[in-house]
Amino acid sequence: MMWRIVKYVCRDLFRGKIVLGYAAFLLLASFGLFNLGGEPTKGLIGLLSLLLFVVPLVSLVFATAHFYNSYEFIELLAAQPLRRNTILLGQIVGVSLALSAALLVGAGLPIVLYAANLTGLTLLVVALVLTFVFTAFAFLGAVIARDKARGIGFALLVWFYFALLHNGLTLYVLFLLEDYPLEGISLTLLALNPIDLARLLVLLQLDVSALMGYTGAMMQNLLGTATGIAFATGVLALWIAAPLATALWIFRRKDL
Amino acid sequence: MCRLFQHVLLCLAPVALTAADLHVGSGQTFGTVRAALAAATAGDTVIVHAGVYREGSLVVDKSVTLTGLDRPHLDGEGRHEVLTIAAPHVTVRGFDIAHSGNGTLTDVAGIKIANTHHAVIERNRVEDCSFGIYLSKSHDSVIRHNEVRGSQTRAESNGNGIHAWSCERIEISDNRVVTHRDGIYLEFATDSATTRNTVEDNLRYGLHFMFSHRNRYRENTFLRNGAGVAVMYSREVHMESNHFAHSWGAAAYGLLLKDMSDSRIVGNTFDHNSTAVTMQNSNRMVFERNEFRANGWALQVQSSCNDNAFTGNNFLGNSFDLATNGQLELNRFEGNYWDKAESYDLNRDGVADTPYRPVSLFAMLVERMPSSLLLLRSPLVHFLDRAERIIPSLTPDRLIDLKPAMRPLSL
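Keeping their order, the protein sequence lines are chains A and B.
Under my numbering, residue 256 is the last one in the first sequence; the count climbs by one each step, no gaps.
Under my numbering, residue 411 is the last one in the second sequence; the count climbs by one each step, no gaps.
Have a look at the derived ranges for each label pair, beta carbon to beta carbon:
#1 D179/A to N325/B: 17 to 27 Å
#2 L157/A to T354/B: 30 to 40 Å
#3 A24/A to S343/B: 28 to 38 Å
#4 E75/A to S343/B: 53 to 63 Å
#5 R386/B to L156/A: 18 to 28 Å
#6 A387/B to L156/A: 19 to 29 Å
#7 Y172/A to E367/B: 17 to 27 Å
Derived DSBU-like pairs (lysine-lysine); straight-line CA-CA distance at most 30 Å:
#8 K7/A to K17/A
#9 K42/A to K340/B
#10 K148/A to K17/A
#11 K7/A to K148/A
#12 K137/B to K62/B
#13 K403/B to K42/A
Since the hints were made in silico from the structure, they are not lab data.
All values reported here derive from a predicted model rather than from experimental measurement.
No residue lacks a Cβ here, since even glycine has one placed at the ideal position from N, Cα and C.
Just chain A, with the same shape it has in the complex:
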């Protein structure tokens, strides 16, 4: 039954202009970046910055808006003999898949054309994961806040924290603890931000040379090995699961 909801949501979203617009924007920007720099690596670096910035933002705002826009449909579904979990999960997966499809077309196509290598693939996978993480976060905010303005506010706050504030805090903490061994702390700080994890997974492919120094060697040991990559993947999975489970838990008890 969940997959039928997913299908409805996807069909509905593809009919609307926003997902198509998102795909078109990414497509344009990616082709622009790859053609501007001349070097594929430079294009990839530009795309990394762009995707780490745009994907969380769009996922958060779009998914939040979607929840409030289809509130009546959700109410209708809730009146049917359906489990609450099925309803919300259907919505979340539907939105995530629609955004992922846009990402695959908008960024995946240029990556395949211009930078079909391990770095490009890592970037694409990581962007897809971020789509799922932040869609889950958006739904968490939406099921908590009753009105749309608050929901969007929550979404923007989450984005601002993970995109910028967390980096600032990391820098501050590193400065404070300059004289101490920082391996454990850095790893914890990294794990606390899905965008940072995503960024570093790509950097391990992209800036190999710079990362061969002391700090890099540390990072390489932490994240570059098979266990490191497994750890990062596990933490990212947790970043999807935690907001998702919380959103479902709240939605089950929510008085619609």
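Once you have looked at the hints, place chain B on chain A.
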């Protein structure tokens, strides 16, 4: 007149007769190289046929040519210095030389050339020797087309591949040196040329020289050496068209310059090094037409460096272009291509209309606090760098390329 001519011929005859070929090998005139060397006189050629020769330490103390036919194998059995050359004008070619002894007080080599001159060592293979080819106080000598391979199992007694101490006008060309401690090591070696060598996978430095002035290094390749290439305390050195690559690690450098002066680094390629070039205490150096590609740091220039010029180089895809701990106000950066520069060219003369500051705020941050490298390419760092470019406050304000190129330069 005719008689006189005959007389001259007669006088020359003994000389021509003594330039004999002495054959060594089973079934030949001489059974051992040692016997042939004892019988030889200056100008002779000792031809050694294929086979394994275990004759301890051979000393060549006459001006002869040693030629190996089908690669005869001279073995030091892990106890001896295989070949020592103590006479001028000796040529050694076509041998396999292996398994020298180890020295604690003296350096033991596969081929040692000591206190002589005009030695030619060519087309030999030197394997598993403490030092490979070792020159000491031997001017005007040539080492070419040799393959020198060290043995990792020797650990601390693994010496340098090609080692020259106190020599003038030597030529080291077309050799291949792998898995030694230092690939090519020069100390007090002056007015010499090092050309077209391939130096790979050595434990410490690919090339290491000190107090070696007026030398030329051309078209050499240095790959995957433990700490890269380190050159020190020398002046008027010319390095051109060399390739420095894959020196990885916190203390590994494509090229480390320490106390160097008045030298030219031209047309070289540096790629995939943790740090391509690091400079300490070096003055009046010229960097021209080099390509820095995909390094962690392209340049690390310490504040103790003055009057250096970096012109017409390409900086492509490096994580950082330049790091420094000072102001570098007495150094000149001009007409380079920086792929991180964002500028425009209204009059279309190929020169960007806005100057470029190669040191970013983040580079300074990482210099002070290496662990902040964790934030590489994060949006925060991006914004900080952007803001700093517009209103410079912390980065050195005089460190600036006033005429950056708009496009990569063809070098």
